[in-house]
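Numbering follows UniProt numbering, in which position 197 of the sequence shown is assigned residue number 197; successive positions increment by one, without gaps.
Treat the hints as calculated values from the structure; they're not laboratory data. Treat the numbers as computed from the prediction; the structure is a model and nothing was measured. Misleading hints may appear alongside valid ones.
Straight-line Cα separation of at most 35 Å, DSBU-like style, residue types lysine-lysine; simulated pairs [to be verified]:
| id | residue 1 | residue 2 |
| --- | --- | --- |
| 1 | 285 | 122 |
| 2 | 60 | 122 |
| 3 | 68 | 122 |
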Amino acid sequence: MSSRENTGMALGLLGVIIFSLTLPFTRIVVEQMHPLLNGLGRALFAAIPAALLLLWRREKWPTWKQVKGLSVVILGVILGFPVLSAWAMQTLPASHGALVNGLQPLCVALYAAWLSHERPSKAFWACAALGSALVLGYALLSGAGSIQAGDVLMLGAIAVGGLGYAEGGRLAREMGGWQVICWALVLSTPLLIGPVWYLAAQHQGAISMKTWWAFGYVALFSQFLGFFAWYAGLAMGGIARVSQIQLLQIFFTIAFSALFFGEQVQPITWVFAVGVILTVVLGRKTAVRPATPLPTPPASPQPR
1 MSSRENTGMA LGLLGVIIFS LTLPFTRIVV EQMHPLLNGL GRALFAAIPA ALLLLWRREK
61 WPTWKQVKGL SVVILGVILG FPVLSAWAMQ TLPASHGALV NGLQPLCVAL YAAWLSHERP
121 SKAFWACAAL GSALVLGYAL LSGAGSIQAG DVLMLGAIAV GGLGYAEGGR LAREMGGWQV
181 ICWALVLSTP LLIGPVWYLA AQHQGAISMK TWWAFGYVAL FSQFLGFFAW YAGLAMGGIA
241 RVSQIQLLQI FFTIAFSALF FGEQVQPITW VFAVGVILTV VLGRKTAVRP ATPLPTPPAS
301 PQPR
């Protein structure tokens, strides 16, 4: 792998570490807040620093073609995944949701082959399929041999979220990673203000400081800063290859859930997590042929 691809892998790993706390903190938030208010409210909150950064940088408005791509990003990572995963966290432990979320890298790789015309090797697909099969097997075993309602919601979140990841990674090659998430948040604001205002008005009961801290994390880090590294990593290292790093998110989420939130993690969970991690290590050594040479994305934000 080239130094550029290695940098992309490192940025992808940073994004995964940030995202790994999303489900545990979301589980805290939905104990006192409606899943829709959490899912849409976190994006509306994140749109404020996004707009300020774009103004500070005096960024040009995206082209109409880019706006159409950003609409897919909005559907996937601003509307679809946050709302559906928040609903799932009402009934699933965060560690369980993390394992189901391990199917997302395979979805992203499939979308990358479709949208960006990347051409992973057969060995790559074999590793990706094996990792996904391990995840699905864990979901079946931990759910007493059946798929739970929360699993269905997580699968829906994975399907639309993977599309948003892949399209965002494709756009980041021409716009830059932080520009993609900032513009997606700003353009989604008109869709968010009305529902968030209504849901906030309907909310009853006090919200604890613990919940506000958790909401602040999913808004500022999960919905905003994490995508700076994630989309840049996808653009630099290749969408299909870097997306497989997200399988490691399982390990980080399980560890954080046990360490910070006291969730009971069964030994079988660790067995499946280690198995999935091994597929990432093997997949990293396989070939993925990009359709075109990867361009250099815009530099990180600098004052003008």
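Verification of the supplied hints:
For the suggested pair residue 285 and residue 122, the alpha carbons sit about 12 Å apart, so the restraint of at most 35 Å is met. As the CA atoms of residue 60 and residue 122 are separated by approximately 41 Å, the hinted pair breaks the 35 Å bound. Between residue 68 and residue 122 the CA atoms are separated by roughly 32 Å; this keeps the pair inside 35 Å, and the hint holds.
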